[in-house]
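Asks: So the chains spell out like this:
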Amino acid sequence: MIRRPTAINMPPPTTAAAATSPSSSLPTLTPQYAIITFLLLTSVKWLLVPTYHSTDFDVHRLWLAITRHLPISEWYYYDANGTTPHTLDYPPLFAFFEYILSNNFITNSLVTNANGGGSASSSQPWLDEQCLALLPLPSSDTTTTMTTSVASSMTMEFSNNCIRFHRGTVIISDVVLFLGAYMAATSVVATSSSSSKSSSWIAFILIVTNPGLIMLDHVHFQYNGMLLGVLLISIACMVRGGASSSSRASSSSVSPLPMQVVWELLAAATFAALLALKHLYLTLAPLYFVYLLRRHCFVVVSNYVGGGKNELNGYGNEKDNINNNRSSSISGDKNKNKSDDNEMTTMVVLQFSWRRLLVLGMVTLLCFLGPFVPFLIQDNPAGAVVGQIQQILKRLFPFGRGLVHDYWAANVWALYLFISRLVAFAFQKPPIKLILPTSIRDVLDSIIPFPEPKPSLVALLLLIGLWPGGIHLAWKIGSRSLIDPFCNGGRLFIQAVVFCSLSSFMLGYHVHEKAILTAIVPMTLLLATNSRRATRLYIRTCTFGLFGLFPLLYRPEELLLKAVIFIAWMCGAVYILENNEEERQRQQQQQQQQQQGVHHLGNDKNRAGGADHGLVGGHQNQNEERKKRSAALRKVDLVSFAILGSALLFMEIIHPIVLMPSGRMEFLPLMATSVICAMGVAWCWLESYSQMIVVGDVAQRPS
Amino acid sequence: MSRSRHLLHAAIISSALLLRILVGFHPHSGQDDYQGPKSPQHEHRPINPTKYGGDYEAQRHWMEITYHLPLNEWYYHDLEYWGLDYPPLTAYVSWFFGWMAHNLGGMTLHNDDVSFSGIDVRDGVCDERNSQVCIEKMQNTGTGTRKVSRGIGVLRDLVALHSSRWGFEHSGGKMYMRFTVLLCDLIIYMSAVWVLSRRLAASEVEERASSNVWLMLTALCQPAIILIDHGHFQYNTVSLGLALWSFHYVTITTNSAKADVRQLSSSAFMGPIWGSIVFSLALNFKQMELYHAPAVFAYLLGRCFRRDTKQNQFSMWTVVRRFTALGMTVILTFALLWLPFAMSSHSLDGVMQIIRRLFPFHRGIFEGKVANVWCALSIKPFSIRDRVSVNVLPFAALGLTLALILPPCYLLFRVGRGDITYRDVGSSGDGDSTPNQLSRTRNSEGSGNVDLRLLLWGTGSTSLAFFLASYQVHEKGILIPLAPISMLMVDAPNFVFFFSILATWSLWPLLVIDRLVDAYVCCIVIFLCINSFARVPSSEQLTTHDDLDIFSDRYITRYISKLSWVVMVTLHLLEVTMIPPNNLPDLFPVLWSFAGCGLFCISYIGTLHAMIKYCNSGGKRSESRQRTKMKPSSISPVSVLSIFLLICTTSEGFLLGSPFRNSNAPIICTNILLSSGQDCTGDIITEDFLSRAMVSLEWERKNAQEALPVLDLSTREYDSMSTVSTANDTDELVDRDVDDWIDGHIWKITEQHLVDMDIVAGTETIQAMKLTSHQMLIRAPQLYRLPTSQVIDAAHFLLSYPSGKKSAALIEADPSLLTYLADDLQYGLHEYLPNMMFMGNDAIAAQTIETQLSISPSFALQLIRMAVDGGMEERSVSRALGSAGKASGKAVEGIVGEMRRGLREWKQTKGGKGSLGR
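Sequence lines, in order, name chains A and B.
Mapped onto UniProt numbering, the consecutive letters of the first sequence carry residue numbers 1 to 703.
Mapped onto UniProt numbering, the consecutive letters of the second sequence carry residue numbers 1 to 918.
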């Protein structure tokens with residue numbers, strides 16, 4: 001490791017606040033930089049306006065038209081027969097979001113104003129009326145397959161200004177993403193003792209530049225950025241809430257903790273709003289529920305210090321609200337104390353508070369059900385078969401679309417189907433079939449191809465998948481963060497969010513490939529904790545998850561775009577992360593040198609850091625080993641990059657030229673992509689699980 | 001460490017690629033044969049009958065002809081339709097890409113004979129005659145039943161001979177074309193930037209690591225280069241990249257410590273030899289690389305005189321040997337490239353033809369509205385084109401250019417000779433060089449790097465000089481100085497930043513025509529953001545040698561750059577909010593070129609300043625004197641302001657310029673105004689127009705004056721000159737019968753007659769080179785009210801004037817001639833003009849007018865105007881005299897005396913200007 005001598009002679013940072021050395025190449029996150037980044041990315045997004053847009057463009061355009069022209073009562077009834085796949089099928093709050101987009105002052109003036117264009121003679125509005133009109137849509141029998149999407153996008157041509165307008169709404173709504181990323185990044189860093197200031201910048205920049213989001217929102221056309229922004233805001237509130245208890249003085253436990261309560265209520269409220277925006281985030285609901293139930297609705301009543309000395313103190317306090325209390329007690333160490341001082345051991349009694357549950361429930365339900373109210377008070381439109389609520393539910397949960405999408409999302413079901421196909425294919429070949437005895441052949445005949453699992457079975461599996469992260473761990477970290485001031489509940493919570501989103505992606509019914517972003521975006525926040533394992537996991541998940549998005553942009557025109565955006569972002573991300581890691585280790589080393597030189601006082605800090613991010617603080621290792629471990633990429637990552645590169649080469653260049661003209665193996669590129677990515681994501685899923693177990697252990701065991 | 005460096009460079013380069021790809025999604029020049037927004041404030045651009053599209057079509061066409069035709073036809077084939085006019089290397093590269101497209105397209109043919117390809121086989125060749133049909137056919141085949149996006153066979157059609165013309169704009173073809181540019185850019189330009197940036201901001205020294213990053217980003221994200229190459233569509237990066245590579249090679253010097261090992265001075269001179277080869281290649285790709293040539297030549301000449309080692313005796317022989325080696329290299333490279341053309345035509349005509357194609361002197365001193373001196377000087381108050389003869393202008397251009405390139409060339413000669421001391425600060429300021437350090441700095445900061453910096457400044461300076469002052473400059477020529485200057489981010493960040501934005505800004509009129517408004521704004525904002533990031537406090541290592549930077553905070557000139565921001569933004573805002581007055585339709589392009597010229601002149605001074613400072617400091621740049629801290633506020637409020645203003649501007653600009661605008665926009669209405677029927681008439685017949693139409697003409701004023709009594713003897717007290725009646729009286733004359741013409745029925749009849757006479761373009765046939773009635777009215781509003789018979793008489797006369805043949809050249813040149821009385825015209829042109837200038841020879845006069853009309857219409861018009869006005873004056877004077885003679889005999893003498901005096905005084909007052917003045 002080459003280092004300039006001046007760097008060594010630098011005065012080592014003494015406090016945690018001065019952790020960033022002046023020579024750090026990464027800035028800290030300030031609003032100013034966030035704004036400049038916003039401008040930069042906005043212009044990049046605006047450059048993307050003429051690129052390909054999918055049928056989702058038509059969908060959202062129609063929704064804008066519906067909310068613009070129809071009364072509220074008919075929103076969910078438009079085209080009730082289902083001749084088009086474009087009808088409103090997001091929850092009510094999203095409908096109101098579209099309503100705001102289509103009925104604000106700017107839109108109105110764009111559609112009607114006569115002086116647009118600056119020339120007096122122009123009486124044409126900037127935005128043609130057709131852009132927001134309820135057009136008779138081309139009725140296609142099948143759902144949105146790739147081929148029909150081509151057909152419908154060809155039949156429906158909109159003016160360029162119309163495309164600009166709709167793209168513009170996506171770009172503007174991305175403000176929420178920036179806000180969420182900013183809040184989440186700053187709060188994660190602010191509450192974590194181990195992360196340096198530049199980590200917030202890293203997390204922020206990697207979230208907002210995520211190529212998956214850019215490809216999905218600004219090429220393919222969706223509003224994921226806004227939705228994830230809301231999720232990030234919710235997480236940020238949760239992290240703040242998780243941190244505000246750790247800074248409290250442990251003695252005055254009974255007094256309400258206003259900051260914590262407010263933050264957690266805010267988190268619950270934003271999450272409820274998110275559910276009302278897009279119901280696919282329902283899979284995170286158990287996690288939120290359990291965590292908040294434990295963390296928010298239980299109050300630390302008392303600390304029992306020592307072996308039964310002050311037992312009665314707690315009950316004395318409890319008598320205030322004795323009617324509705326149940327209590328449980330968990331013991332835990334206080335970190336700072338030496339282990340041999342038994343009398344300093346703290347006993348914490350947690351007490352269930354109905355009042356808090358009531359408030360929490362009311363806030364949540366208000367945010368979630370509020371948007372439904374306008375529909376409830378409406379009369380059913382003429383000719384409606386079912387009531388409003390049933391109609392909405394029918395739209396929201398269209399079972400019968402099948403287990404998987406046309407393009408298999410890279411999850412367990414893709415692997416399942418792939419194996420099924422493989423077995424069926426192998427079974428049809430004569431030699432195998434002839435060798436097998438008839439009895440086995442009959443059995444095989446009955447199960448091949450494998451039966452498609454029912455939605456209820458899938459739901460059960462999903463619940464099982466969610467159990468370790470969403471319910472088990474959530475309960476544990478809820479309790480742990482209450483009693484241990486050095487346990488960062490927020491960081492563990494993010495870990496759980498990541499795992500739950502991955503689980504729901506892997507096991508869900510009819511999952512879209514873009515759902516992987518729900519896992520990737522919160523995972524970015526874990527980078528701010530400077531854990532090497534988290535870094536590696538992040539890079540791997542991004543590699544496979546984002547590669548799985550490629551078939552969404554199937555036109556050859558976008559081939560270079562998606563490849564280059566992926567490469568550019570990957571290189572940039574890996575560089576930033578490695579650089580940050582090096583920087584951090586250098587600082588650590590300096591710190592150690594200084595500590596060794598002066599005194600052996602640094603143990604406390606090391607222990608705190610070790611508990612926080614699960615690192616071995618440890619010895620002064622050799623530089624070589626340190627460097628090898630610090631590398632964000634391992635050989636296996638390079639191999640997977642090579643595999644993905646050749647897969648891309650095959651499906652975008654070799655396959656269309658060699659195989660496509662003869663019409664053979666048309667399914668091959670898509671299947672290969674989803675199977676490769678499914679294996680990769682499954683690997684990440686398991687690794688995320690193992691990391692979570694470690695984290696859970698840290699949470700459970702007193703350190 | 002090095003791996004992460006490489007990752008960073010990969011990230012930067014791929015981000016730059018991404019930006020280029022993104023711009024590539026936007027329209028290219030002449031897409032759908034769009035030639036600019038058709039609104040009144042822009043010049044009317046007739047749809048070109050001989051060509052389709054723009055530079056994109058040209059490049060595609062070259063691929064087509066170079067691939068399909070034998071080499072000796074390349075520079076001869078159908079020159080009307082985008083004939084090849086770049087040097088041979090361009091032709092070879094076109095051939096290569098044509099070959100590649102043809103073979104790639106053929107890859108699917110063998111097993112898929114019904115692929116998209118093969119229109120020419122089935123539908124026959126489409127040529128100019130049935131081009132419309134052919135295009136329709138192509139579109140039908142292209143977007144109809146077949147899945148277009150799949151077929152790679154489209155590439156074969158892209159370069160199919162003849163059938164691909166007239167708008168073969170398949171998206172696959174566009175993709176391929178864009179890809180070729182991208183490939184060239186990556187291989188040649190980006191690699192050059194990478195190499196140079198490693199030399200200019202050595203990445204080994206950690207201090208400079210971040211400046212290296214920003215240097216690369218600045219050079220690679222130059223909005224102007226990206227917009228022209230990847231938006232407008234050209235291959236500038238090839239020649240620019242080759243030039244940068246040659247600068248790299250040319251300035252390689254062997255270190256004095258190493259010279260012991262390499263005794264031979266010839267081997268030390270290998271760098272320049274390689275460099276001259278590469279530079280010859282650049283010259284052979286685009287002749288505009290000549291802008292760099294003087295600087296390179298001066299530097300190399302200096303290098304011939306350099307004493308390389310202490311041991312070697314410096315002798316004239318060495319100089320001659322080096323010079324010969326360089327000359328031979330250049331000549332051989334050229335010969336190699338031009339040989340096939342010389343061989344194929346059995347004579348030197350092939351070569352001559354190429355040269356004729358390369359230097360089209362007949363095109364005029366500048367093209368369009370370019371921001372150089374000549375264009376700026378041809379604006380009204382100066383109107384240099386009217387004052388200086390056409391034949392003199394090239395020499396003036398040559399002289400001025402020489403004068404401007406002389407100082408940088410002289411400095412570069414000194415640099416090349418080695419007059420600048422080579423104690424460049426190698427590694428972070430410490431002077432004493434241990435052997436270890438020396439070997440480290442040899443690659444990073446050798447003496448060659450001073451040369452490189454100065455060469456970059458010098459080439460920037462000379463090419464700016466060419467851009468400003470030379471003959472036949474194109475707007476896109478600004479890229480040539482931009483490429484070297486953008487590599488100097490480390491030396492003078494403020495100046496480079498300023499110049500980059502300025503160069504982009506000066507391309508705005510071109511980009512509007514290309515419908516790249518969105519891309520323009522986005523690229524500029526991205527560049528601004530990158531620049532803001534480059535100035536964050538944590539990377540304050542970005543040392544600024546503030547004495548080099550003319551816009552640095554040390555100098556008072558920093559206000560110039562701030563002021564220029566205001567100018568640029570204001571002009572943008574003005575263009576959006578203001579409609580130029582009818583008589584100045586080109587107001588904004590002219591303002592653009594005028595302001596641009598001024599700012600480019602300042603930039604030229606800036607480059608010169610930097611070179612002089614550099615040389616004076618003897619190469620020892622005061623590196624240690626870093627600026628204390630670039631305050632965060634130096635993400636300057638001005639630039640933030642300009643960002644917002646630009647955004648505002650463009651959000652309006654979209655409304656106006658609207659690159660993808662539907663063609664049914666009502667603005668077009670005014671263009672085919674009046675000829676298309678009644679609907680549009682209201683648009684032009686505004687109050688303003690009517691009042692302009694009401695202004696009385698010169699002869700009307702005279703007639704009115706003569707209608708009054710010439711002499712009113714009862715008003716003897718008045719000065720005799722006051723008998724010339726005032727304009728108020730005549731205005732009343734016109735006003736009196738205003739009702740007759742105000743509804744336009746007179747003009748309707750007149751227009752009909754003019755259409756019949758084939759002067760005005762009819763409704764259906766909007767032909768080029770023919771005035772629409774709208775234009776005619778704009779330029780001569782009085783036609784709207786003049787009686788039909790009078791206009792028709794004038795038109796008949798003018799149609800037959802110069803040569804007796806029927807040609808409407810005069811009327812096209814100046815429709816306001818129609819407002820004169822035919823009688824006056826006849827007298828002026830057939831009597832007065834020959835009498836005054838051609839000794840009474842009518843034929844010679846007419847011939848002169850005719851020739852001038854083809855060479856310099858403005859001069860011809862001036863002659864005609866002079867003749868007609870002079871004739872009118874003469875006749876009015878004589879009439880006055882005659883009527884005076886008829887007056888009562890008693891007053892005759894006094895009257896005549898008075899008239900003579902009046903005439904004398906008139907001659908004295910008017911004589912200064914001569915009868916030339918109008």
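Hint data in this document are derived by calculation from the structure and do not stem from the laboratory.
Some hints could be false.
[To be verified] Taking beta-carbon pairs under 7 Å as the criterion, some of the chain B residues facing chain A (in silico):
1) SER4
2) LEU7
3) SER15
4) GLY271
5) LEU799
6) SER800
[To be verified] Not close to chain B: a few residues of chain A, all C-beta gaps over 10 Å, as computed:
7) THR42
8) HIS69
9) LEU686
Every value quoted in this text rests on a predicted model; they were computed, and no experiment measured them.
Just so you know, even glycine gets a beta-carbon here, dropped at the ideal spot from N, CA and C.
Asks: State for each hint whether it applies.
Replies: Structure-based check of each hint:
For SER4 of chain B, the interface hint holds, the least distance from its beta-carbon to any beta-carbon of chain A being 5 Å, beneath 7 Å. Satisfaction of the interface hint for LEU7 of chain B is found here, the shortest Cβ-Cβ separation to chain A being roughly 4 Å, below the 7 Å cut-off. Interface hint at SER15 of chain B: satisfied, since its Cβ lies 5 Å from the closest Cβ of chain A, which is below the 7 Å cut-off. Checking GLY271 of chain B against chain A: minimum C-beta separation of about 29 Å lies over 7 Å; hint violated.
A hinted interface residue such as LEU799 of chain B counts as satisfied when its beta carbon comes closer than 7 Å to some beta carbon of chain A; here the least separation is about 33 Å, so the hint is violated. For SER800 of chain B, the shortest C-beta to C-beta distance to chain A is roughly 38 Å, which exceeds 7 Å, and the interface hint is violated. Not every CB of chain B is more than 10 Å from the CB of THR42 of chain A (nearest about 8 Å), against its label as outside the interface. The beta carbon of HIS69 of chain A is kept farther than 10 Å from every beta carbon of chain B, the shortest such distance being approximately 23 Å.
Listed as outside the interface, LEU686 of chain A is consistent with that label: its C-beta sits roughly 28 Å from the nearest C-beta of chain B, beyond the 10 Å cut-off.
Hints 4, 5, 6, 7, counting from the list given before, are not met by this structure.
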